[in-house]
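A.B. asks: Now for the letters of each chain:
2 protein chains.
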Amino acid sequence: MRVVCCCTAFLLLILIPKACEGGNILVYPSEGSHWINMEILLKALHSRGHNITILRSSKSWYIKDNSSYYSAFTVPVENTLDQTFITRIVAEIIEFERGALPLISFLHMSVGMFGTFIDAHKGVGAVVTAMMDDSELMRKMKDSKFDLLLADPCWGGAIILAKYLNLPLVYNVRWLIAAESHFSIAPSPLSYIPITGAGNTDKMTFLQRVTNMLLHIITQIQNDLLVRLVYQKLTDKYLGPGHDFNELMIAADIWLMRVDFVFEYPRPTMPNVVYIGGFQCKPAKPLPQHLEDFVQSSGDHGFILMSLGTFVTELPSDITNEIAAAFAKLPQKVIWKYKGNRPANLGNNTLLVDWMPQNDLLGHPKIKLFVAHGGTNGVQEAIYHGVPVVGIPVFFDQHDNLLRLKERGGGKILTLGTVDKDYNFLKAIEEVLSDPSYRANMQRLSRLHRDKPVKPLDNALFWIEFVMRHKGAAHLKAQSYRMPWYSYHSVDVVLFLAGAMLLVLLTTFYLIRCIYTGMCKRKVKHD
Amino acid sequence: MRVVCCCTAFLLLILIPKACEGGNILVYPSEGSHWINMEILLKALHSRGHNITILRSSKSWYIKDNSSYYSAFTVPVENTLDQTFITRIVAEIIEFERGALPLISFLHMSVGMFGTFIDAHKGVGAVVTAMMDDSELMRKMKDSKFDLLLADPCWGGAIILAKYLNLPLVYNVRWLIAAESHFSIAPSPLSYIPITGAGNTDKMTFLQRVTNMLLHIITQIQNDLLVRLVYQKLTDKYLGPGHDFNELMIAADIWLMRVDFVFEYPRPTMPNVVYIGGFQCKPAKPLPQHLEDFVQSSGDHGFILMSLGTFVTELPSDITNEIAAAFAKLPQKVIWKYKGNRPANLGNNTLLVDWMPQNDLLGHPKIKLFVAHGGTNGVQEAIYHGVPVVGIPVFFDQHDNLLRLKERGGGKILTLGTVDKDYNFLKAIEEVLSDPSYRANMQRLSRLHRDKPVKPLDNALFWIEFVMRHKGAAHLKAQSYRMPWYSYHSVDVVLFLAGAMLLVLLTTFYLIRCIYTGMCKRKVKHD
Chain S
1 MRVVCCCTAF LLLILIPKAC EGGNILVYPS EGSHWINMEI LLKALHSRGH
51 NITILRSSKS WYIKDNSSYY SAFTVPVENT LDQTFITRIV AEIIEFERGA
101 LPLISFLHMS VGMFGTFIDA HKGVGAVVTA MMDDSELMRK MKDSKFDLLL
151 ADPCWGGAII LAKYLNLPLV YNVRWLIAAE SHFSIAPSPL SYIPITGAGN
201 TDKMTFLQRV TNMLLHIITQ IQNDLLVRLV YQKLTDKYLG PGHDFNELMI
251 AADIWLMRVD FVFEYPRPTM PNVVYIGGFQ CKPAKPLPQH LEDFVQSSGD
301 HGFILMSLGT FVTELPSDIT NEIAAAFAKL PQKVIWKYKG NRPANLGNNT
351 LLVDWMPQND LLGHPKIKLF VAHGGTNGVQ EAIYHGVPVV GIPVFFDQHD
401 NLLRLKERGG GKILTLGTVD KDYNFLKAIE EVLSDPSYRA NMQRLSRLHR
451 DKPVKPLDNA LFWIEFVMRH KGAAHLKAQS YRMPWYSYHS VDVVLFLAGA
501 MLLVLLTTFY LIRCIYTGMC KRKVKHD
Chain Z
1 MRVVCCCTAF LLLILIPKAC EGGNILVYPS EGSHWINMEI LLKALHSRGH
51 NITILRSSKS WYIKDNSSYY SAFTVPVENT LDQTFITRIV AEIIEFERGA
101 LPLISFLHMS VGMFGTFIDA HKGVGAVVTA MMDDSELMRK MKDSKFDLLL
151 ADPCWGGAII LAKYLNLPLV YNVRWLIAAE SHFSIAPSPL SYIPITGAGN
201 TDKMTFLQRV TNMLLHIITQ IQNDLLVRLV YQKLTDKYLG PGHDFNELMI
251 AADIWLMRVD FVFEYPRPTM PNVVYIGGFQ CKPAKPLPQH LEDFVQSSGD
301 HGFILMSLGT FVTELPSDIT NEIAAAFAKL PQKVIWKYKG NRPANLGNNT
351 LLVDWMPQND LLGHPKIKLF VAHGGTNGVQ EAIYHGVPVV GIPVFFDQHD
401 NLLRLKERGG GKILTLGTVD KDYNFLKAIE EVLSDPSYRA NMQRLSRLHR
451 DKPVKPLDNA LFWIEFVMRH KGAAHLKAQS YRMPWYSYHS VDVVLFLAGA
501 MLLVLLTTFY LIRCIYTGMC KRKVKHD
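Each protein sequence line maps, in turn, to chains S and Z.
Note that the first sequence covers residues 1 to 527 in this note's numbering.
Note that the second sequence covers residues 1 to 527 in this note's numbering.
Check before you lean on any hint, since a few could be wrong.
It does not matter which identical chain is used: a pair holds within one copy or between any two.
[To be verified] Taking lysine to aspartate or glutamate pairs in the EDC-like style, the calculated list, with each CA pair at most 20 Å apart, reads:
#1 Lys203 with Glu136
#2 Lys412 with Glu78
#3 Lys43 with Asp236
#4 Lys406 with Asp143
#5 Lys427 with Asp318
#6 Lys337 with Asp420
#7 Lys412 with Asp133
#8 Lys203 with Asp492
#9 Lys203 with Glu247
#10 Lys471 with Asp451
#11 Lys329 with Asp458
#12 Lys282 with Asp451
#13 Lys337 with Glu314
#14 Lys122 with Glu95
Hint data in this document are derived by calculation from the structure and do not stem from the laboratory.
On a predicted model such as this, the values are computed, not experimentally measured, just so you know.
Could you build all of it, start to finish, from the sequences and the hints given here?
C.D. replies: This is the structure in structure tokens:
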């Protein structure tokens, strides 16, 4: 096809009305990798002349109370969730995956994890209470005359605050309270839209569709009975009666969704959902000299990058030893982001680092493979740079994220608990390195991902400014969120029509019987 | 809000890989206003270096067999639908609206209209047959090695041809076979998505929701039993058994949808639907001198534009006389596109024209009002230029299109059959001219419509070229279209789960009864 043959770039000029003074944006972020990627958006907004104010708790794990590009309102709180719970959960998952935990213990662990999750929501509730009860802080917020609340709604505080301050609301979102956010706003037929955690793709067998529906029902019940209650109580307390938290949650003006349809399975969406997946990705910058020297020393073999994300900083030593031993057998160089104890058998080809410029390394010409935990950020970056992946998912959506790469031929998935068995780790790496189809598939995904009329970050900026220009985006919000479920699903109409049909049928039947009986009687008379 | 205060334009540079040689595009257009707007897209594609080949029938109403920007394959046919049927239908509608037709006659008329519609589909079927049976033509098409089939799928021929030639398929679409095209591809909850023809908005009462569902069921039955059969027969004949026409229809790569969400009510959509509503609109060019002189002579009163579209060329004389008389009473000047007999009482302020540069007139600073029939093109142009509308819908989607303006305060709707009663026409015009809210609302819609990250025409061009670059857009097509309806709607899963639940309940009940009976027996024994 001749259309692809040449890469002369063509500049399409698009006029976006520019803010001359800049807007005034209040931001309600979340922690961990969510904050890392919110920061990128905030820096871009700041560089376009907008004034940024962050809301943070005094016990925030990652969010500093000042920066060159934002000011902060700090909510004083006494307690926060202890980060070490993550290490405990990881240990339990590994035990389960090794078959060391019987099912009943797994269920116990799952309930425990869900309990931690509820505790986290209650912790957020405590921050919201501290914030809303702080009349001085609330007065300051009102006086600031913000134009917009930009929030990561994986916790629910921002939703109540936006209504309280009467501000247009824009989400930078992947998770909404306890579910993948599409499920809250767009019709989601369970027949081809996999529930996160079910390990299904968009092509399901009958039994997979059954598990998909069961998991959806369980998730819904959990959320409705436990998680949302936390926020409905806060809604009642601070907004007064008559406000439904769910309705407020869905009523956000614009949803900047951190996926795209190269990564996510195609599915129904809504007009106010804007896909910004991979907005954090950009061409690689030159590496620091010591890293550049290290990767150049790999020669033609190239190098491998390994990271298990922001949260998982250490692993049991038998696993790290196995990983180190496998790496030591490879001709490639390896850069491994790891904060735990140095494995005894670490090879000379492997460099342990506390931090690394992940995007620049993934975009380096010598990169051969990314060993990743499957967080959304990392997976989108692997797609952007076209690097094949060996995935070791830990929890949350990580297995499902990696499944999307695996199914498209871009990588393999291992189980954390069995990484050290039967040379699983080494075999997976060698297979992905030696079979060129993995790289070819990731390169194809990369071409598709990059071929968009507007870059994801520009799209995000456009829609945030759109909401400020027009004081919301009401014309893009469907009426669905205002309807009770039985009206939305037309249950009342179907029952009414079924009743009407039954009435017509019964009447017809009765009339026919009357006529028939009458005729018979007349016949008898005549006889 | 400070963000809007300044209009300094900001140039966002977007890199689109440019075709250096241009693609080879086969086009299967439709007639009337559909062709007028397809032509705009084709001229833009041609100016970007693509080679355009049109498919037309030898009896085409509007599509010429040659042009400076396309070549044509002409399919020789003997018969075509007689255009005068439109005049007949218009006359019947007017009679009905005047109450002169009793309900039974109206039903008769409706059945007749539907019959005409089926005849039209059969006519298209005859063209498809003539085309597919013409081995010389089919050989030429195959030899042309097209990269893409671009089609207006309001008739079904292109869908079969695309599969036959194995070409990626892009729709320039508003109607798909017999229904508003969203209903074919995106989940469409009938609780807030009005069926065209029901006269509902997205905010419906219970009874409106009942009529909405009834009308949907009737439309579905009509289409499934009558219209689609025409094409399924052709599919079986030319593609062989095992191909479902419906499935082929939904499997198009990209749907360039000729609406946007300033015009259309917000509703679920799909990743491969691209909204290009208003792509034909552009800033006004200077008018021809005689028109400029005419509108300038209106002074501060400005001028009114009237057009009832491409198809309705004449009206009964009592209606045209009333319209002429109303116009004659106004201080404004009037430009009226009309091909019928000149009304006897036409005022000096009114200019009858055969054709007019509608976009340039709608964008003229002196325009005050647009009297329109409510075709999608005209309504989108009124929105683009922010001109209030008095609508006189005739048929098809025109009433529903105008309803979208009326509900947003941008215009009023009259009934063609009662335009001449009680000065309805004059009163409506005077109200819209004197109340500034109509103009303010249309200007607001115009601002929303124009504020997009990519202009609709550029978006259309981008996605057509995207499909050529990547030989389709499979990654944007949901799995839904491959599923039988009972799987898509999870009917099988729900029945299975309900059955399983029943089994569990019955077993539990049976066990409890056994235990209870056992205990009772033992008790009796003990006693």
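A.B. asks: Would you mind marking each hint as holding or not holding in the structure?
C.D. replies: Hints, one by one, checked against the model:
With identical chains, the CA atoms of Lys203 and Glu136 are never at most 20 Å apart, being 54 Å at best within one copy and 41 Å at best between copies. In this homomeric assembly, Lys412 and Glu78 never come within 20 Å of each other (Cα to Cα): the closest approach is 43 Å inside a single copy and 60 Å across copies. Taking the shortest Cα distances, Lys43 and Asp236 never come within 20 Å of each other, neither inside one copy (35 Å) nor across copies (58 Å). Proximity of Lys406 to Asp143 under the C-alpha cut-off of 20 Å is found in neither arrangement, the shortest distances being 51 Å within a copy and 38 Å between copies.
For the identical chains of this complex, Lys427 and Asp318 are intra-copy neighbours only, at 18 Å inside a copy versus 86 Å across copies, given an alpha-carbon limit of 20 Å. Taking the closest pair of Cα atoms, Lys337 and Asp420 come within 20 Å of each other only inside a single copy of the chain (19 Å); across copies the shortest separation is 80 Å, beyond that limit. For the identical chains of this complex, Lys412 and Asp133 are neighbours neither inside a copy (50 Å) nor across copies (50 Å), given an alpha-carbon limit of 20 Å. Taking CA atoms no more than 20 Å apart as the test, Lys203 paired with Asp492 passes between copies only; the shortest distance there is 16 Å, against 32 Å inside one copy.
Taking CA atoms no more than 20 Å apart as the test, Lys203 paired with Glu247 passes between copies only; the shortest distance there is 16 Å, against 32 Å inside one copy. In this homomeric assembly, Lys471 and Asp451 come within 20 Å of each other (Cα to Cα) only across copies, at 13 Å, whereas the closest approach inside a single copy is 31 Å. Taking the shortest Cα distances, Lys329 and Asp458 never come within 20 Å of each other, neither inside one copy (44 Å) nor across copies (52 Å). Taking the shortest Cα distances, Lys282 and Asp451 sit within 20 Å of each other inside one copy (14 Å), while across copies they are farther apart (26 Å).
For a Cα distance limit of 20 Å, the shortest separation of Lys337 from Glu314 inside one copy, 10 Å, qualifies, whereas the shortest one across copies, 77 Å, does not. Neither within a single protomer nor between protomers do Lys122 and Glu95 lie at most 20 Å apart by alpha-carbon distance, with minima of 28 Å and 67 Å respectively.
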